[in-house]
Amino acid sequence: MPAQITELKVRDVAIKIHRAGSGPLVLFLHGAGGVPQWLPFFDLLAERYELLVPEHPGFGGSDDPPWIRSMPDLAMFYLDLLEEAELDGIHLIGNSLGGWLAAEILIRDRSRFRSLVQLAPAGIRAKGVPCGDNFIWGPEEAVRNLYHDQTFADRILALTPSEAQMDLMLKNRFTVAKLGWQPRWFNPDLEKWLHRIKLPALVVWGEDDKIMPPAYGALWRERLPDARLIMVEECGHLPHVERAPRVARHICDFLEAVVS
Amino acid sequence: MKLVSFHLMPYRPLDLAEAAKHRSPWVVLPNRLYDPVKGAEEYARHIDALVYAEELGFDAIGVNEHHQTAYGLMPAPNLIASALIPLTKRIKIAILGRALPLVNNPIYIAEEFAMLDNLSKGRIIAGFVRGIGSEYHSSGTNPYFSHERFHEAHDLIIRAWTEPGPFAFDGDHFSLHYVNLWPRPYQTPHPPVWIPSQGSSETVAWAVHPERRYPFLVTFSSADLVARYHNGYRDQARQYGYEAAADQLGWACPIYVAQTDERGREEAGRAVETLFNDFLRQSFEMLMPPGYTSIGSMKNFIRNRTALGGGRLTAQALIESGTALIGSPRTVLAGIERMRERTGFGILVALLQFGILSDELTRRNMDFFAAEVMPHLRD
Numbered sequence: 001m002p003a004q005i006t007e008l009k010v011r012d013v014a015i016k017i018h019r020a021g022s023g024p025l026v027l028f029l030h031g032a033g034g035v036p037q038w039l040p041f042f043d044l045l046a047e048r049y050e051l052l053v054p055e056h057p058g059f060g061g062s063d064d065p066p067w068i069r070s071m072p073d074l075a076m077f078y079l080d081l082l083e084e085a086e087l088d089g090i091h092l093i094g095n096s097l098g099g100w101l102a103a104e105i106l107i108r109d110r111s112r113f114r115s116l117v118q119l120a121p122a123g124i125r126a127k128g129v130p131c132g133d134n135f136i137w138g139p140e141e142a143v144r145n146l147y148h149d150q151t152f153a154d155r156i157l158a159l160t161p162s163e164a165q166m167d168l169m170l171k172n173r174f175t176v177a178k179l180g181w182q183p184r185w186f187n188p189d190l191e192k193w194l195h196r197i198k199l200p201a202l203v204v205w206g207e208d209d210k211i212m213p214p215a216y217g218a219l220w221r222e223r224l225p226d227a228r229l230i231m232v233e234e235c236g237h238l239p240h241v242e243r244a245p246r247v248a249r250h251i252c253d254f255l256e257a258v259v260s
Numbered sequence: 001m002k003l004v005s006f007h008l009m010p011y012r013p014l015d016l017a018e019a020a021k022h023r024s025p026w027v028v029l030p031n032r033l034y035d036p037v038k039g040a041e042e043y044a045r046h047i048d049a050l051v052y053a054e055e056l057g058f059d060a061i062g063v064n065e066h067h068q069t070a071y072g073l074m075p076a077p078n079l080i081a082s083a084l085i086p087l088t089k090r091i092k093i094a095i096l097g098r099a100l101p102l103v104n105n106p107i108y109i110a111e112e113f114a115m116l117d118n119l120s121k122g123r124i125i126a127g128f129v130r131g132i133g134s135e136y137h138s139s140g141t142n143p144y145f146s147h148e149r150f151h152e153a154h155d156l157i158i159r160a161w162t163e164p165g166p167f168a169f170d171g172d173h174f175s176l177h178y179v180n181l182w183p184r185p186y187q188t189p190h191p192p193v194w195i196p197s198q199g200s201s202e203t204v205a206w207a208v209h210p211e212r213r214y215p216f217l218v219t220f221s222s223a224d225l226v227a228r229y230h231n232g233y234r235d236q237a238r239q240y241g242y243e244a245a246a247d248q249l250g251w252a253c254p255i256y257v258a259q260t261d262e263r264g265r266e267e268a269g270r271a272v273e274t275l276f277n278d279f280l281r282q283s284f285e286m287l288m289p290p291g292y293t294s295i296g297s298m299k300n301f302i303r304n305r306t307a308l309g310g311g312r313l314t315a316q317a318l319i320e321s322g323t324a325l326i327g328s329p330r331t332v333l334a335g336i337e338r339m340r341e342r343t344g345f346g347i348l349v350a351l352l353q354f355g356i357l358s359d360e361l362t363r364r365n366m367d368f369f370a371a372e373v374m375p376h377l378r379d
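Residue numbers (the numbering used here), protein chains in the order written: chain A, 1 to 260; chain B, 1 to 379.
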């Protein structure tokens, strides 16, 4: 099912949004890699839901306004965007950096949201459990460390990106550094406010996540007021990519229960 | 021509075979490979070599700042400068330079330089750098804001040196209610500022601006690249409506002078190879963290690096590309004169100890350089 691509202008920022399916509204917030392609996971969700996948400011086909300088800025921008687009009753899904963003949005204003799914989110720190340093890893190492199942990495590494794709990857990487280099992958002022996310929440973690260690999953379950944690076997940092059918099924079951 | 005897203070006792098993001698090389007894001896011998430059008639001694690496043992170059002051009399001491974006309060850098300037009665040259990419990994500083922090820290330091205090400084990264230096710098209006750089076009455009006209030192590049950067600086100056002076253009280069070309290669070939292949070995991800340069500069860097060739660099290749000047006095002088013809540069920053080069050979190199090359470079 091909996604439609629309553009939304919020203040001075044009945002590219992928859209598919119909039903209750699901908003997916992507991680550090952006949205280089439409995923099988998105199709699985779009069978039952209206799925919106925006590219964040500074990523992919969206504008890169210089005044967005931090994750709190990005969260405030999304509150503007939701108001502008008049979106309500949203089921929010975030992966990695997108999960961090989801939490930053929800501690500020959860009124437009009905539930939260966190797929290996960044944003808080478990002291003594360092994240993987994917800024120092080489290109192959960085791809391999994303996955448990190395056939996923092999497929990606077999491709030669075009100049335009390289430019987009650099653009994403610059923005990711701006938002997450220091403190690395967390906001020291986020964890203490997670109790405000009074929504049903599902936290999903790959047991073999080499970027955000699984110990972080337990911390999220503890800090979110109403969260369940699912550990996914034989899975790395991108559960929705590596174990798409299983993760989509968990999410759909969770959303069914929330909606009914 | 101004002549600087420059030193990196490498940790020469490094077990190179062991170091090669790690990602890089920067950031992640386990510091159990540092032996304090040998290290202390290294400091003593390197300082001897630095001080010897005065006796030989150099204009300046150059030191620099690098962190968490066997490449250089000077995370705090001002400490070395401070040690050099009472050991020397007239020679300038150039700190090439302090990495401004890495600190959270640049006033401390302004203060340290002002202290050194007073202690030396005006013999300090203040280099400002951004720190290399690896230092954004080791310090945790966000490379995306590197340029912003550099410019802001620079403005703060210059104002602290020149404007009556106390005053307030309202920056985005540094915000201070009281800027009020005690001591003020000895030199008026302040110590000369030099900008060593790997050639980032943003840095060149900034240094050349008529308000600054800071000497720009190109470090460790092939002769063609050095010429391109120098002439790029000259072109920019013309766009600003002035002609760059010779002493606005510097070249930092490993130099080894011997009786013959052959002896030069025999004595220094392996050492220069260790500098480039062992001590400087860093991945692209370490050298170019995202945002450290613009996307355009980053792509240029990738192209230039590819042109330099993958794999280990041989002494032969480094000599042929003009990245290092090694050989008889005639050969070395010819390399310098050729660059002078191409760019009209006026500051030679000679790295006379590099890699594992021994004290004995360093001393011999310095003597040869002073006796056979230096006299020809005096204008």
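It should be emphasised that the hints constitute simulated quantities derived from the structure, not laboratory data.
Treat the hints loosely; a few may be bogus.
[What the hints assert, rightly or not] Cβ-to-Cβ under 8 Å is the rule here; a few derived chain B residues that face chain A:
1) HIS137
2) ASN142
3) PRO143
4) TYR144
5) LEU181
6) PRO210
7) GLN282
8) SER283
9) GLU285
10) MET286
11) PRO289
12) GLY291
13) GLY296
14) MET298
Just so you know, these numbers come straight off a predicted model, no measurement behind them.
We treat Cβ as the ideally placed atom computed from N, Cα and C, and that holds for glycine.
Do the hints match the structure? See the list:
no. : hint   : verdict
1   : HIS137 : holds (6 Å)
2   : ASN142 : holds (4 Å)
3   : PRO143 : holds (6 Å)
4   : TYR144 : holds (4 Å)
5   : LEU181 : violated (28 Å)
6   : PRO210 : violated (26 Å)
7   : GLN282 : violated (10 Å)
8   : SER283 : holds (6 Å)
9   : GLU285 : holds (6 Å)
10  : MET286 : holds (6 Å)
11  : PRO289 : holds (6 Å)
12  : GLY291 : holds (5 Å)
13  : GLY296 : violated (10 Å)
14  : MET298 : holds (7 Å)
Hints 5, 6, 7, 13 from the list above are not met by this structure, while the remaining hints are.
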